[in-house]
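Enquirer: Sequence:
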Amino acid sequence: MKWADYCVSKLTLTEDGMIDNVIYYDDLGDSLGADATEQNRQWMVNKVFEGKTFCAIKKKENGRWNKIGDFSYDGSIFSWFTIPKNLAKRKTFKSYYHYDDQEYKEKFNNLFDDLIVHKSVEDGDIDSDNSDEYIKQLIHQGYLHDTTVLIVLIGPNTKHRKHVDWEISGALNYKVGDKYSGLLGLMLPTHPDYGTGYYHYDLLPARLSDNLKSGYAIIRDWTDNRIKMQEYIELAFERRTTHIDNLDNSRKQMTENTNE
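Throughout the sequence shown, residue numbering follows the UniProt record's numbering, covering 1 to 260 in sequence.
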């Protein structure tokens, strides 16, 4: 059963609050079209006069789209349910402890994959039997060189992992790419500080704590809200410019995991 003729996942407004453009998928009845398309408000108006319908959609944790609600049009103004903005996709690297937090990495991908450009290391990409220096080189040159936002998924043991420290260090090293990355910490529900409204520096990766203290990084609780997550990523992206003088990458890199 079709939700609508066109299913809108993102949109952008003009300064006066009118729709400027939308990203949508064709509703094929039993599925959505594979390719997202961008169109402007006038195209939407024309389609409404042709008898076509629109709805708003969002991603679920399993990666499937879900209908939020219908667009309406009174002959002058559209009304709709709130969805993310149609913004440039930030090149995003997710740093996390694979053994503990793979579930949340997969949930992140499923919920937000259309909002970002993925730059992360996937399982099997790097052989852990390689030397530490070789692994660092692969991470830096192959994944981090053009990353603009690094997201740290923070579970209870993330602070102990040397690869997480290397990835944060690489993202904050101008020599790795031609720019610094914004830094966003996401407190996972498995972390003792999740949902408390505060965080303990000694329960976070030390290099992330350095940059929270300095004001360069930001930290937020995990959310499946696509609008909030887009806002978090944009704030981290902006701080790479507005708070560049606060960046702190002075700490020596970890040489070993501290929970083994």
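Derived from the structure by calculation, the hints contain no laboratory data.
For clarity, every value in this text was computed on a predicted model and none was experimentally measured.
Idealized CB from N, CA, C, for every residue including glycine.
Mixed in with the good hints there might be a few duds.
Claimed, not checked - Restricting the straight-line Cα-Cα distance to at most 20 Å, the calculated cross-link-like pairs of lysine to any residue (SDA-like) are: (1) LYS162 x TYR99; (2) LYS52 x ALA36; (3) LYS2 x GLU15; (4) LYS89 x GLN230; (5) LYS89 x PHE237; (6) LYS60 x ILE227; (7) LYS59 x LEU28; (8) LYS85 x ASN259.
What the hints assert, rightly or not - Here are the computed distance ranges between Cβ atoms for each label pair: (9) TYR198 x ASN40: 36 to 46 Å; (10) LYS89 x SER214: 42 to 52 Å; (11) THR14 x GLY195: 33 to 43 Å; (12) ILE77 x TYR198: 23 to 33 Å; (13) LYS252 x PRO192: 22 to 32 Å; (14) ASP20 x LEU235: 44 to 54 Å; (15) GLY51 x ASN246: 48 to 58 Å.
Enquirer: Per the hint of 44 to 54 Å, is the separation of the Cβ atoms of ASP20 and LEU235 within bounds?
Expert: violated, 22 Å
Enquirer: May I ask you to test the hint 22 to 32 Å on the CB atoms belonging to LYS252 and PRO192?
Expert: Holds: the Cβ-Cβ distance is about 27 Å, inside 22 to 32 Å.
Enquirer: Tell me if the straight-line CA distance from LYS162 to TYR99 falls inside 20 Å.
Expert: Given pair LYS162, TYR99 holds - Cα atoms ~13 Å apart, limit 20 Å.
Enquirer: Please verify whether LYS2 and GLU15 have alpha carbons no more than 20 Å apart.
Expert: violated, 33 Å
Enquirer: Given the hint that LYS52 pairs with ALA36, test it: the Cα-Cα distance must not exceed 20 Å.
Expert: Holds, at roughly 17 Å.
Enquirer: Could you tell me whether the CB distance from THR14 to GLY195 stays inside 33 to 43 Å?
Expert: holds, 37 Å
Enquirer: Keeping to a limit of 20 Å between CA atoms, is the pair of LYS85 and ASN259 held or broken?
Expert: violated, 41 Å
Enquirer: Is the Cα-Cα distance between LYS89 and PHE237 20 Å or less?
Expert: Holds: LYS89 and PHE237 sit about 11 Å apart, inside 20 Å.
Enquirer: Determine whether the Cβ-Cβ distance between GLY51 and ASN246 falls within the hinted range of 48 to 58 Å.
Expert: At roughly 54 Å between Cβ atoms, ASN246 and GLY51 fall inside 48 to 58 Å, so the hint holds.
Enquirer: Do the alpha carbons of LYS89 and GLN230 lie within 20 Å of each other, as the hint requires?
Expert: The given pair, whose Cα atoms are some 10 Å apart, holds under the 20 Å limit.
Enquirer: Could you check the hint for me, namely that LYS89 and SER214 are 42 to 52 Å apart, CB to CB?
Expert: violated, 27 Å
Enquirer: Are ILE77 and TYR198 spaced within 23 to 33 Å by their CB atoms?
Expert: violated, 42 Å
Consistency note: the structure conflicts with the earlier hints numbered 3, 8, 10, 12, 14.
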